[in-house]
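Trainee: Protein chains in written order, with the numbering used here: chain A, 29 to 169; chain B, 14 to 431.
Wrong hints could be hidden among the right ones.
Said to hold, decoys possible - Footprint (simulated), chain A over chain B, 3 or more residues, beta carbon under 8 Å:
{"hint": "1", "region": "346 to 354"}
{"hint": "2", "region": "382 to 396"}
As the list claims (entries may be wrong) - Below are the DSS-like pairs computed for lysine-lysine, each with C-alpha atoms no more than 30 Å apart in a straight line:
{"hint": "3", "chain 1": "B", "residue 1": "K392", "chain 2": "A", "residue 2": "K63"}
{"hint": "4", "chain 1": "B", "residue 1": "K400", "chain 2": "A", "residue 2": "K62"}
{"hint": "5", "chain 1": "B", "residue 1": "K398", "chain 2": "A", "residue 2": "K96"}
Hint data in this document are derived by calculation from the structure and do not stem from the laboratory.
Quick reminder that beta carbons are idealized off the backbone N, C-alpha and C, glycines included.
Here's the letter readout for the chains.
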Amino acid sequence: MGNQAGFLYRIGCVSTMMIFCALSVQAQNLINGKKIYETRCLVCHQSDGGGVPNMNPPLDGSTNVNGKDIPRLVKIIQNGYDERVELDGQYYNNAMTAMPDLKEAAIADVLSYIRNNWSNKAGLVSVADVKKAMIKNKNNK
Amino acid sequence: MKKSLPILSLFLMSLSFIGKAQDNAGLKLPAGFKASLFADKIGSARHIAITKSGVVFAKLNNPNKEGNSIVRLEDANNDGVAEKINGLAKYGGTGIYVKGNSLYASSNEAIFKYDLNSKDEVVNPLTPLTIVSGLIDRREHNSKSITLDMANNIYVNIGAYSNACQEKNRMPGSQGMKPCPILDSAGGIWKFDANKENQTYQDGKRYATGLRNVIGLDWNTQTNQLYVAQHGRDQLNSFYPSLYTDAQNAELPAETFYAINEGDNAGWPYVYYDPIQHKKIVSPEYGGDGTKEGAAEFKDPAVAFPAHMAPMGVLFYTGDQFPAKYKNGAFISFHGSWNRAPLPQEGFFVAFVPFKEGKATGEWEIFANGFAGMEEGVKVTNTAKAKARPCGLALGPDGSIYVSDDTKGAIFKISYVK
Numbered sequence: 029m030g031n032q033a034g035f036l037y038r039i040g041c042v043s044t045m046m047i048f049c050a051l052s053v054q055a056q057n058l059i060n061g062k063k064i065y066e067t068r069c070l071v072c073h074q075s076d077g078g079g080v081p082n083m084n085p086p087l088d089g090s091t092n093v094n095g096k097d098i099p100r101l102v103k104i105i106q107n108g109y110d111e112r113v114e115l116d117g118q119y120y121n122n123a124m125t126a127m128p129d130l131k132e133a134a135i136a137d138v139l140s141y142i143r144n145n146w147s148n149k150a151g152l153v154s155v156a157d158v159k160k161a162m163i164k165n166k167n168n169k
Numbered sequence: 014m015k016k017s018l019p020i021l022s023l024f025l026m027s028l029s030f031i032g033k034a035q036d037n038a039g040l041k042l043p044a045g046f047k048a049s050l051f052a053d054k055i056g057s058a059r060h061i062a063i064t065k066s067g068v069v070f071a072k073l074n075n076p077n078k079e080g081n082s083i084v085r086l087e088d089a090n091n092d093g094v095a096e097k098i099n100g101l102a103k104y105g106g107t108g109i110y111v112k113g114n115s116l117y118a119s120s121n122e123a124i125f126k127y128d129l130n131s132k133d134e135v136v137n138p139l140t141p142l143t144i145v146s147g148l149i150d151r152r153e154h155n156s157k158s159i160t161l162d163m164a165n166n167i168y169v170n171i172g173a174y175s176n177a178c179q180e181k182n183r184m185p186g187s188q189g190m191k192p193c194p195i196l197d198s199a200g201g202i203w204k205f206d207a208n209k210e211n212q213t214y215q216d217g218k219r220y221a222t223g224l225r226n227v228i229g230l231d232w233n234t235q236t237n238q239l240y241v242a243q244h245g246r247d248q249l250n251s252f253y254p255s256l257y258t259d260a261q262n263a264e265l266p267a268e269t270f271y272a273i274n275e276g277d278n279a280g281w282p283y284v285y286y287d288p289i290q291h292k293k294i295v296s297p298e299y300g301g302d303g304t305k306e307g308a309a310e311f312k313d314p315a316v317a318f319p320a321h322m323a324p325m326g327v328l329f330y331t332g333d334q335f336p337a338k339y340k341n342g343a344f345i346s347f348h349g350s351w352n353r354a355p356l357p358q359e360g361f362f363v364a365f366v367p368f369k370e371g372k373a374t375g376e377w378e379i380f381a382n383g384f385a386g387m388e389e390g391v392k393v394t395n396t397a398k399a400k401a402r403p404c405g406l407a408l409g410p411d412g413s414i415y416v417s418d419d420t421k422g423a424i425f426k427i428s429y430v431k
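Construct all of the structure, not just a fragment, from the sequences and the given hints.
Mentor: Dropping the structure here:
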């Protein structure tokens with residue numbers, strides 16, 4: 029009986045640590061993502077993610093940013109964006125700067141940050157997700 | 014009773030506070046002026062024009078809920094609030110102008126002309142004349158503002174579809190193209206015959222060049238000259254962090270107001286105007302380092318305003334209602350910056366530029382403020398949070414001026430009451 033309790037206790041400890049570890053890795057990703065956002069994205073998309081009417085689209089509350097199409101988000105960061113499309117009922121005129129120098133981990137971090145900041149609550153994006161997205165984008169060229 | 018008294022007085026105090034905030038439709042004005050909310054939520058109202066009888070026409074950036082992109086507003090009982098509102102036209106755009114019985118309006122690639130009847134109603138809402146078409150619309154800086162001179166010529170701005178004419182637009186390290194090929198068909202002001210149908214580039218004339226993006230423009234009838242306000246380039250710090258800090262980017266370059274003569278060149282994309290050094294500086298895309306002075310051939314501004322405030326409307330005050338100092342001076346609306354971030358934004362007001370003997374003195378002052386709806390002393394940080402952003406300006410027949418808002422579409426009427 030005592031043994032079993034000890035065993036359960038140990039399992040509990042290990043899993044708590046694993047969760048804690050995972051959480052701190054997540055936190056670090058979000059901190060990195062925030063830094064990238066502030067130096068590369070904030071000017072146009074603004075500190076509240078609200079964008080600028082008619083010019084730069086909002087990220088906060090955006091269907092695309094919160095959506096499942098990670099390859100599309102990766103592609104926009106890598107290639108920039110200069111198409112006229114409707115985004116949540118509005119049109120935006122400014123061209124977005126391409127950022128071909130951002131590595132997979134940086135793209136994962138900034139995507140995780142914008143998907144989990146302000147009112148956004150979407151899944152985190154891992155390096156593996158970004159790599160998978162890049163392969164998919166390459167095949168769809 | 015004892016308990017309810019303080020609650021009641023608090024309630025009364027808050028009522029009087031609300032009452033005060035609503036004075037002048039929330040605007041802060043010089044002594045003796047008052048404002049009313051002439052209309053609200055009509056849609057993204059860009060420029061406005063007013064007929065001799067006081068009917069207001071607003072051009073919307075996109076069609077509103079009713080599907081109209083020109084809104085007609087009438088205040089028949091003259092209480093400062095429009096009660097008869099309807100509309101026409103399906104195309105979004107910025108420019109609108111009334112001359113006699115003609116109403117001109119622009120899409121982002123064309124200019125149309127409608128006829129007004131004796132009640133200032135549009136006679137041919139579905140069949141306007143196409144005055145000009147085929148003007149470049151590549152999304153960036155695509156709005157076409159219009160004004161007329163006194164000889165039936167119409168002037169239209171064609172904004173450059175670029176920030177600084179780089180080989181790759183808004184790409185760090187991409188060089189500026191020389192000569193800039195955009196200037197053949199954009200980045201300037203074009204002149205057309207206001208009464209001739211179906212004109213395009215070859216029928217018009219490039220009247221002025223080297224203007225990145227003009228939205229506010231007006232004809233000064235006193236000196237018979239065109240005046241334009243340019244939106245200066247963006248992102249000096251993003252693309253050249255070794256030359257410009259965030260703080261320098263927030264102040265560079267100036268938003269510039271020019272007295273234009275035919276053939277003038279304001280220097281975009283090769284130079285920008287630095288409001289601190291008071292000179293033209295070579296753009297970094299063209300080998301500039303933040304201090305190298307630009308060529309003398311390029312035009313100097315009549316007034317240099319702080320950076321990025323986005324001048325949207327220009328109106329020469331030819332009315333008789335306002336005090337004498339305003340006569341023949343210019344109002345300029347600034348709908349507010351975005352790329353001063355991460356520093357606080359600026360603008361969101363209507364400025365007044367005094368003129369003496371037909372020339373801008375170089376001074377300017379804030380005339381109407383408070384459009385953004387921020388509390389006293391608080392600056393806008395995020396542009397999308399501004400409640401209203403002043404855009405179009407027009408003079409009413411009684412000498413009042415009207416200011417449109419291009420977010421949700423408020424229209425303010427400002428009068429002098431002593």
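Trainee: Hint by hint, note whether the structure agrees.
Mentor: Hints, one by one, checked against the model:
With a threshold of 8 Å between beta carbons, the proposed coverage of the region 346 to 354 of chain B by chain A holds, since 3 of its residues qualify and at least three are required. With 3 residues carrying a beta carbon less than 8 Å from a beta carbon of chain A, the region 382 to 396 of chain B meets the three-residue requirement, and the given coverage holds. Restraint check for K392 of chain B and K63 of chain A: satisfied, since their Cα atoms lie roughly 24 Å apart, inside the 30 Å limit. The hinted pair formed by K400 of chain B and K62 of chain A meets the criterion: a straight-line CA distance of about 27 Å does not exceed 30 Å.
Restraint check for K398 of chain B and K96 of chain A: satisfied, since their Cα atoms lie roughly 28 Å apart, inside the 30 Å limit.
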